[in-house]
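Asker: Here's the letter readout for the chains.
Number of protein chains: 4
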Amino acid sequence: MISKEKLFQLFTETRAQTEIICAPLEIEDYVVQPVVDVSPPKWHLGHTTWFFEEFVLKKFQENYTLFDENSAFVFNSYYESVGEKVVRTDRGNLSRPTVAWIYEYRSYVTKAILDLFDDSPSFSEELLNVLEIGCHHEKQHQELLLTDIKYILGNNPLLPIYQKNFEENPIQVFPQKWEAVAEGIYEIGHKGDSFFYDNEIGRHKVYLNPFEISNKLITNGEYLEFIQNGGYKDVLLWHAEAWDWINSENITAPFYWHNVAGNWKQYTLSGLQDLNLEAPLSHISYFEAFAFAQWKGMRLPTEFEWEVSQDKFKWGSRWEWTESSYDAYPNYKKAEGALGEYNGKFMVNQKVLRGGSVATSANHTRATYRNFFQPHLRWQFTGVRLAK
Amino acid sequence: MISKEKLFQLFTETRAQTEIICAPLEIEDYVVQPVVDVSPPKWHLGHTTWFFEEFVLKKFQENYTLFDENSAFVFNSYYESVGEKVVRTDRGNLSRPTVAWIYEYRSYVTKAILDLFDDSPSFSEELLNVLEIGCHHEKQHQELLLTDIKYILGNNPLLPIYQKNFEENPIQVFPQKWEAVAEGIYEIGHKGDSFFYDNEIGRHKVYLNPFEISNKLITNGEYLEFIQNGGYKDVLLWHAEAWDWINSENITAPFYWHNVAGNWKQYTLSGLQDLNLEAPLSHISYFEAFAFAQWKGMRLPTEFEWEVSQDKFKWGSRWEWTESSYDAYPNYKKAEGALGEYNGKFMVNQKVLRGGSVATSANHTRATYRNFFQPHLRWQFTGVRLAK
Amino acid sequence: MISKEKLFQLFTETRAQTEIICAPLEIEDYVVQPVVDVSPPKWHLGHTTWFFEEFVLKKFQENYTLFDENSAFVFNSYYESVGEKVVRTDRGNLSRPTVAWIYEYRSYVTKAILDLFDDSPSFSEELLNVLEIGCHHEKQHQELLLTDIKYILGNNPLLPIYQKNFEENPIQVFPQKWEAVAEGIYEIGHKGDSFFYDNEIGRHKVYLNPFEISNKLITNGEYLEFIQNGGYKDVLLWHAEAWDWINSENITAPFYWHNVAGNWKQYTLSGLQDLNLEAPLSHISYFEAFAFAQWKGMRLPTEFEWEVSQDKFKWGSRWEWTESSYDAYPNYKKAEGALGEYNGKFMVNQKVLRGGSVATSANHTRATYRNFFQPHLRWQFTGVRLAK
Amino acid sequence: MISKEKLFQLFTETRAQTEIICAPLEIEDYVVQPVVDVSPPKWHLGHTTWFFEEFVLKKFQENYTLFDENSAFVFNSYYESVGEKVVRTDRGNLSRPTVAWIYEYRSYVTKAILDLFDDSPSFSEELLNVLEIGCHHEKQHQELLLTDIKYILGNNPLLPIYQKNFEENPIQVFPQKWEAVAEGIYEIGHKGDSFFYDNEIGRHKVYLNPFEISNKLITNGEYLEFIQNGGYKDVLLWHAEAWDWINSENITAPFYWHNVAGNWKQYTLSGLQDLNLEAPLSHISYFEAFAFAQWKGMRLPTEFEWEVSQDKFKWGSRWEWTESSYDAYPNYKKAEGALGEYNGKFMVNQKVLRGGSVATSANHTRATYRNFFQPHLRWQFTGVRLAK
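Chains as they are written, first to last, in the numbering used here: chain R, 1 to 388; chain W, 389 to 776; chain C, 777 to 1164; chain L, 1165 to 1552.
Hints in this document: simulated from the structure, not taken from any laboratory. Be aware that one or more of the hints could be misleading.
As the list claims (entries may be wrong) - For lysine-lysine, the following PhoX-like pairs were computed, each having C-alpha atoms within a straight-line distance of at most 20 Å:
#, chain 1, residue 1, chain 2, residue 2
1, R, 4, R, 111
2, R, 177, R, 296
3, R, 334, L, 1460
4, W, 446, W, 604
5, W, 776, C, 981
6, R, 233, L, 1498
7, C, 1109, W, 776
All chains, please: the whole structure from these sequences, using the hints.
Answerer: Rendered as structure tokens:
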């Protein structure tokens, strides 16, 4: 259990960091939602604030006065058991409440939480717990803020720059090696008393066959070879559903790659740049990761293989697609009540990603962290590590 | 042909009026596009400005320097023969260029046109003509600005007020009468040398049967009776396509009507108000106008009947649906070049509306003006006048 | 009013002709519905029979016993005021009732009507009227049977032949001429006491400007020139809605034209044939007819111009698109009851076609006949005659 | 490896059985495809025949003459690497080739294979192998034939009977018990030299936690309780995707259940019957199976738990949804060439089902057999067994 002091630090840092991420935005950038998977930045700001009002202040702050009775419901999300929600596809049509209103709402709620710290000599375990979840929840949205901002700007025909010096593409300067792992029983899942989500506990044994895993992520250069060798045109490399997808959506390269007069360029948060062949591949779907591995005659690791071997390689610049579907661990238990909707309800038709990315908030991932997305999604900083 | 002096006045007034209309908006309101038929206010501002840059300054201002070579193309619209256009459904996803940029663009172009007035001792007929079209084009967008703003705010769950005193609902305080028009040959179409659009000239004769037309628009109260008598449930009153539409869209009342705990309310630009039964009906589709007329055992007038009889009644608060499809007049000729796309390309699957509305710019309609929309659209201030 | 004797002849001929049309079909051909605008032949057979049972036998045959209480409802169509209907898009999924059942149903109903002729010494005016409508209704479906069969076979990858000698493409062996018609008042609409539909009466005066109309339909050769001159790629020739349509549907030639290794071929009811450049153009949409006329610098005639001038040229091999939208004539009145739904409910978003086609039943068209379809439809034998 | 003698018996039995299944059909029933997941019976007949022609006769029969060069391609399916395929959604629009043609095609190919048996003194291992796969492939389609026929007839408003005595609902006459399985390492996957698919080999160890599994399938009565307790209305029981699905599709009961005037009935292959509360539940999606288990406070077994414990209970009347996503086994290898597309390409967004159903062909399932469907599909005979 986190201490009240550490929680204070976590809370203030987290709230500040969200606003730092949004600082380079114009007001207009906060509003739009170009596709359903992306949320407007103003929504992220409001939603992470609403979370603290709904689950902390309403319950733990005596005589708490809501900032605005009528408007906050707009920021509920998938927590369907708490009140009415705005249909997700409509988020991008809401010009009100304004961005200014949302920043006032944030300040008001942040201050009310800080008052809670001041006023209560000690926090109950439940309060510590919910506040900590609220901070981690906001950190998750920090990553989404960055990837959604990239989508919003990267799909604007003017391709505006978010931040001149955002480092998306850290080069891996070490040689490729295969790390071998022996057959046997391994333990999987979160251990210790640091923070975790409901989907990563239930520590349990799995039996693994021997395997080897690469110490290096696939680079743009390696993927370009796949393209140049007709990878997108060879039906035998693709899942049936993937084949339909690349053909109906006319997919022929990773997201954010632009072929400008024969030269490959890549839109980054620092603007349009020449494609760096040494940089780790990014913004590909599971479907593409799988087809690439097929083409190489190898495969993606399972999430268990990844977890067991992850101390043998560096990770953290890309969310790494695994072969594992996002299923419940043995003895998985939903939390009670609205928070219980948190993770279990997404455990179908998703693939697990492990690792973390250049957009992931500091200390917000770990070896047992299970991220997940639908197999066709590409707007996150996703990458490929091979196994065999 | 308009004189240079009158044109100067028209131009300055028009440019100012557009900005007056937008004054009550928050920046966020300029950005969103909740449905495809509505454009974001920032787009209207940019597009009306682009029109002057593209068709006037590029051609008539020597050595004109474009405000911004890269961005203006975003504001091209349906003029498909001039450059690349942004797909209309994407307009609501463009956070850049910003609203501030657009106001600078407006100022820059306005000033360049004013310089043109200063610099050129006399204007060619072509220049007078294109500038006049530009002003009327912008006046058309002024009406769309108001109706689109109403849509944007009226579909926000917070139902914000645009302007406390906007008068949407002028009461008709005179008694209903039937005006009779005799059988015979009548002349239809624009006459004289005031401004007109290509779709209203080609003055020509039509033969009309005797008819009577009401001096009064249908009121909310009369339409409420239709609803209460099951008008939306009687298939025999509706076109086949209309019946599918009201059922698939679940249409049971005019747009902007809200039944709040059994009481009918109407969202107006001044906010949510009790439904005024005396006010002229508004925001109904052609489909509903037709079904209402069927229920009354009458019909809508044709556009010719309307034009011939319009000096016998007051009009101007609602665009009045007619029975006429939007077809070309005999000898209709498209203008040359890009401006030629203007009206003819919409002459299919649309119904003609005559009159004008509370949102129509001053002096921007006339007895021969042909407005047109698809038969299911309702976001304009549309109303019903009966004939028999 | 038709006599009982003539009606007898009309009825027996009509019922026989429907079955002659279906004779070349395999049972499987009766069942499928490749697109929503096409109905399965078995449905046409059942529906035309149901019409006589519902509107004649139920009412005029004392103690009539329904052929099958449970199944006939399947054959109701757009007559929404009579009972439950099968959603139109589902017609192609109904394997039962079987084709054999439907032929028995036809025989049973035909015989019951013939008994009515035998048993009743004289027919009431109402009975004569409804029976006559039933026959003409079935004749309309005879044309649809042929065009729907063409669609079903012409969209089968095996391109089967319907009938070796079906003459689709009668050549016009006379030279092209422009027939001039003087300005003035003309009378429009059905006259006399032969059969007519509700949409063509209300004979009334119209005023026409002087015009010229071609004595010849446009040929495949002339249209091929339009294609070869880039007609499908010049946005200025097309309605806005048409431009979206040809691009989203990838339309580059008339329906049933196939470019096989550089040679144009045409699927006909007699199978795939070399494109005959002298044959009248066929299977084009209104959108294409309009664009072609634009390209020629001419226009399509209005339906009034067509009706007034039709005795100056030969017609009957193609339904000729006109510029006229399908609106009601002055004083148009719907019939009472279910038959009243007949035509008026389609008077929106349709264009009028005049003439008749190689698929039209004998004596089933006339100079005042108003056919109508949506502007994008092409599966009928539609053609182009120009005016100027 | 199967012997030539056994293969002969397998082949003749299999071919005969397919035709026995189709015997009760009318020709019309062979043609239609009411939804994309269902194929027309004529397609199943043609496809299973095409398989033998394509993969056996073309390769192993010297001088084999194709039955029909032009038509057989219609029966290719998802084997995208062999020739052109008919888009799956179009299968229901193909009236030709006819059913009679297909039966001739079947006879021709069956005879050619029998000739192969006669002519070749011994079969190569490869030939034995491909022929055996062809037989099992056809057995798979036998099950689909039954479930697709049920869909075709069960969605016809006349609800025709397929076969008076088809036994869909075998009652489980024994008491419910929980079978306990101890923690430990277990071996999973096919063993021995009988027939298997590529997805079930790669026998490997897994580590299982202790669990209990029911010896009995959930009954209609138990599921009815779930419905009556508001199971379909409690968002907390459902996956997010499932909740959207039941709401958009208006799902409130298992497929084929009909509430007739307050009484639950079930369409079966023997026609509409009163719902038997003792019968095993059937035709539910994974989404519903999961929600039901949540409501019971239990869960579905994983496919490994099922395989390890299956000798402790009776199975075979329902395909049993498991919690396991359909992922590859360790060391899964695709076969070479076109047959290699067989199973691997579906390993995404599917859930594993274990067991077998009343529609499964004799000897065509086993303890290691991995069936799979998308989580929303319900037209198969699917059921629920709980674990905890």
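Asker: Decide, hint by hint, whether the structure agrees.
Answerer: Each hint tested on the structure:
1. R/4 / R/111: Given pair residue 4 of chain R, residue 111 of chain R holds - Cα atoms ~16 Å apart, limit 20 Å.
2. R/177 / R/296: The given pair, whose Cα atoms are some 16 Å apart, holds under the 20 Å limit.
3. R/334 / L/1460: holds, 14 Å
4. W/446 / W/604: With Cα atoms ~47 Å apart, residue 446 of chain W and residue 604 of chain W exceed 20 Å; violated.
5. W/776 / C/981: Holds, at roughly 18 Å.
6. R/233 / L/1498: It holds: about 19 Å lies between the C-alpha atoms, which stays within 20 Å.
7. C/1109 / W/776: holds, 12 Å
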